[in-house]
Every structure is written in C-alpha cells, then in structure tokens.
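Top line first, the protein sequences correspond to chains A and B.
According to this note's numbering, the first sequence holds residues 1 to 42 in order.
According to this note's numbering, the second sequence holds residues 1001 to 1549 in order.
A hint or two may mislead.
Simulated restraints on C-beta separations [to be verified]:
{"no.": "1", "chain 1": "B", "residue 1": "E1318", "chain 2": "A", "residue 2": "I12", "range": "53 to 63 Å"}
{"no.": "2", "chain 1": "B", "residue 1": "L1168", "chain 2": "A", "residue 2": "Y26", "range": "20 to 30 Å"}
{"no.": "3", "chain 1": "B", "residue 1": "N1082", "chain 2": "A", "residue 2": "E39", "range": "33 to 43 Å"}
{"no.": "4", "chain 1": "A", "residue 1": "E39", "chain 2": "B", "residue 2": "S1407", "range": "32 to 42 Å"}
{"no.": "5", "chain 1": "B", "residue 1": "D1171", "chain 2": "A", "residue 2": "M1", "range": "56 to 66 Å"}
Rather than coming from a laboratory, the hints here were simulated on the basis of the structure.
The model shown is predicted, which means the values in this text are computed figures rather than measured ones.
Ideal Cβ positions, reconstructed from N, Cα and C, are used throughout, including at glycine.
What follows is the residue order along each chain.
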Amino acid sequence: MSIQDEIHKTMIDIQKKTKNGEELSYEELVSLFLTSLIEEEG
Amino acid sequence: MNKEIKVAIIQLTRIGDLIQTLQAARQFKAENPEAKFTLIARKQFAQGILFLLETVFDDIILFDTKEFFKTKQLAEATKEVNFLIDHINQHKFDLAINLSYSKSSTYLCSLIQAKCKFGPHRNTKNEILIEDKWSQYVYSNVLNGTSVPFSLVDIYRYIMGVQETLVLDPDPDFHKRDSNIVLHPFASQRKKKWGLNRWNELIYKLAQENPDAQFYIVGGQEDADEAARLIHSPALEKLQKRIHIRAGKDKISDTYQLLSNAKLFIGHDSMVSHLAAETLTPSLIISLGTVKPFETSSYSAHTINIVPKNKCFPCKVETSCELLPCHGSINYQVVSTIASAMFKDVPINTKFLKSHLTPMHLNTAKIFQSDYDANGLTLNELSSDYKNTQDVFKAYYKIIWLYYLRSTETNAELPEITKDTAQELYRYLGGVHYLFELYNFGVKYSNKIIDCTDKKETDLEEIQDYINKLGEIDQLCHITKKAYPLLQGLVDYFYVNKANALGNNLKEITQNNLLNYYDASNLAAVINDFIEKSVNPHIAVNTDANKEV
C-alpha cells in the first residue's frame, strides 16, 4: 500500500469516528497533524 | 506573570510572521525576565533567522515535514512525529500559545501538554477550541476582516498578556551609516507588487535627487531574474555602478547586515520590511493588493506607509484582479519625494506633504506615519484630516476592543469626517439598532433556557424551541453584517466567543452565553453612541422636524 493510500484509509476511519461523535485517540490526532502538514506544504 | 514560567510559542507560518512573533516575545521577556521561552517552528522558515530568534528564545525546536517522510512509510513518519512531541513535552510547559492559526498548528497545540493553552487547538472530538478572548478576536476579525486597528505584533503581545509597550532603543550610531538605500521591489503575490516600470522610474528619480546614494536590491533566489531585468533598462544604464543586485546572492543574515548600514529601506509588506524594523532602518512601505497596513506594517516608529485610496483596497487573496487599479493610485513621484526627504532625514509631516505634493497626488493615496502610544504601534494619517467610514470604524473598534478585551480606557477624540462620511455612518445606525435588538433577544431566550433547566420537570421541546430561536438570531446577525459590512467585526467576534462558551452542561454554557449577549448588546450601544456623536454636528433639521444628514 502506498503512503497516500495509507493516509487516505486512516482519514476515512477518523472521519467515521468524528461523524459518530466518538473521541479520537492520541495516535489519531498525530495522524491528523501529519496529514495537515502535507496539505499545507502541497 | 512571574517566576520561572515555561512558555511554548507555536509559530508554524512564514518568516515575516516569525519576526513579528519575535518582536512580541521580546516584550514579554522584558516584562518577565524569569520566563523560559521555547519557539516551535518550521525549519524552512526559521532556519534563516536563527541568529535573531536566538536573541529572545531560550530554546528553539524546528521540524521539517520532509524529514518525517524520508523512509516513505506512514508508520515511520508517525514515529518521527512522536519523537518530536515527546521532545517538546519534556519541557513540561506551563503555557502553550499558538500564534499560527493554521490547521497543522491546531493539532500540534493539542498534542503539547501544557497547564494552559492560548490560541486555537483541538479537543478529542476534533473540534477547534479557542479559550482566550484575544485569540478569539484574531480568529473572528483578523483572518477575515478589514477593520482591524491593531498591529499583529501588538495583538500577539495582548494574547501573551504583556502590559507595557517595550521597544528597541534608537540606534545611537545611525549617523555613521553609509548613504545606502535598500530596495525590495518584490512580493509573494502579484497583487502586492508595484510594477517594475514604476520601480525603474523611482530608482532613476532617487538617483538624480541623491547623487551620493548607493542602491542595493535585495530578495531571494526567485527574485534574481526580475532584479536583473529591473536594472538593465535603458533609463538606468548610466547608474549601473550605483545599483547593486544582492537578490539571490545573500542569506537573510547578509540582508540584515546590509539594512543595519542603510539609511533607508523601500519595499512592500514583506519579510524584508520586518527585518528593516529590527535594524532600526527608516522604511517607506508601498502597501498594495491584499495588504492590511494597520495589521502588518513593520513594527517601528520610523515607517511611512503609502496606501491607495481605491474602494476595493485591501482585496482578498481569492479576489481576481487583472487591472490592479490600486497600483496606479501610487504615483512614483509621491514615493520619490517622500523617499528623498526620508533619506535626507527631513521630517515627514502634514506640512511637508502639502508643500511638496499636489492635491492630485494626495487624492489617490493616503500617507501614514507610524508611532508608538501606550497601547502599541499606531498609524497616523498625514495626508488628510478627514477619515472615511472604514477608518472611522477602525477608530471605534480600537476604543471598544481595548476596553472590552484589555480593560484599557483610551482617550481619543472622535475622528473628523466629511458630510458624505456622516451620511454613510448615519445609515449604519439602522444596522447597529438591529443588532442591539437581536442581542437583547439573545439575552431573553438564554434566560428562558436557564429557567427551563431549573424546573423540576424539564420540557425538552420548549428548550429546543428556544435554542432554535438563538440559531435564528445568529442567522439574522449574519444577514445584518452582509447589509452593514463594517459591523462584521462585532458580529463575528461574538459568534466565535459564544461558540467557545465554557461550561459542562447546557445550563452552564447558556449562563456564559447570557453574559456574552449582554456584552454584545452593550458594545452595540457604544457603537451607536459613537456614530450619533460623530454624525450629530452634520445633522440639519428641516421645517418638518425630520432629521437628515
């Protein structure tokens, strides 16, 4: 699995949790930090 | 603040923002010498100005996104980020302040362990939280508004809780500087950048008027080609020995040294203009396009800002503009007249402008002189005694936000206005009255929700009905700000403020929002008073006893 696919899968899982009002774990917040860095730096 | 408090400052945005953060942090440190400051920044932006940052911050933690992904595996990147966060959290911060307002910074701030957090961060439900009022002001007013009367450096200071305005002492050896003029004719966006042909004319005129001046054109690697095109024009052919291209050749520290030995800097709102403030070099800034000079002018009392009078200025980044009308409003003769005077250390004031510039020149541009007052940097208009509606509202907002958010009473006279401006302000009374009514309805329905929650048998349908009414109030406030754009600052602030109301249940949140609605209605009443006092001298009463402006 490419890194983009891994990130995409992680984001989908996180979005599901957020939609259900569930709390995110520390690791999920780290993933969100990483993906936002990638978004901002193109 | 006292004793050895440990503060983390998160500033993940660009070099100019880092310099402004430095300028605020320096003042915090001067007031709190025992405090330990750590800066967390992106390597690509901070590396070049480490020599400056190290003068204020006790520790600097840099990261590079590319380094996280050097193995091209997500698991490894996550491990690298965990190392970074663990390293940050070893400091055991008392306070983390996020001054970035970017998405990544909100997540980073949430991952940092600190007893208290200022600025935007996230909770475990991925919601943005902003708990301190000045950061709420930035989120609601600075990111989207145009009526911000404060310098960003001062806003950062206010967030940090700095009380005094503590600035760099004047350079005692200024008179020893060489007759150098540093120019930075470049900018990050086309809209912010004055045309090369205008810079060409300016350099030619300055060179004629100041035979001893040497010109240094600074900029990054990406500016080198343009710099070469600028000076290799027929008009500047005979001046080649006096014009030195440094663009693409120097590090930021070299540009800093160059500015330290210069008598004048001329450029746009950019990292270099903020660097010129650090070197105490008098600066002439040409503010165009999306620039909001009150917010981003270099933090120095030796700055003149030339600002176009076009109604579309300042525009937004997403606004498309091919003709760039604001550029045409800045005449190169205005720039060269003021620049020559600054170079010769002639004071720039209203008298100077009226005697050296024609009414035609002053009709299309405003000239501001920066200065410090008890609250920080202020921009005083030299080119006109009369304020337009936008500037009048800036003056109102300065008074009310300093009072409401900083408990500071400001003694200021109401701005001088023309009859046309009085008419526009008079129109705004309708919007202010409407907001006042809406916020009072907010008080009413908040009280009803609190009463419902106090009852033994709670009627959920009734509570939901009142909550829906509060939602309608928000929508009507939103419509009001569309009709009266200069009221956006007030409406947006309280929207963000209410969205971050503290409380663990409906009753607590509503009680806090009740206070917010009171405050909002009071501030609307204050704006009403200001407008009435400004407009009253212009009101004529006709024979039917109807008032008109």
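Earlier hints that do not hold, by number: 1, 2, 3
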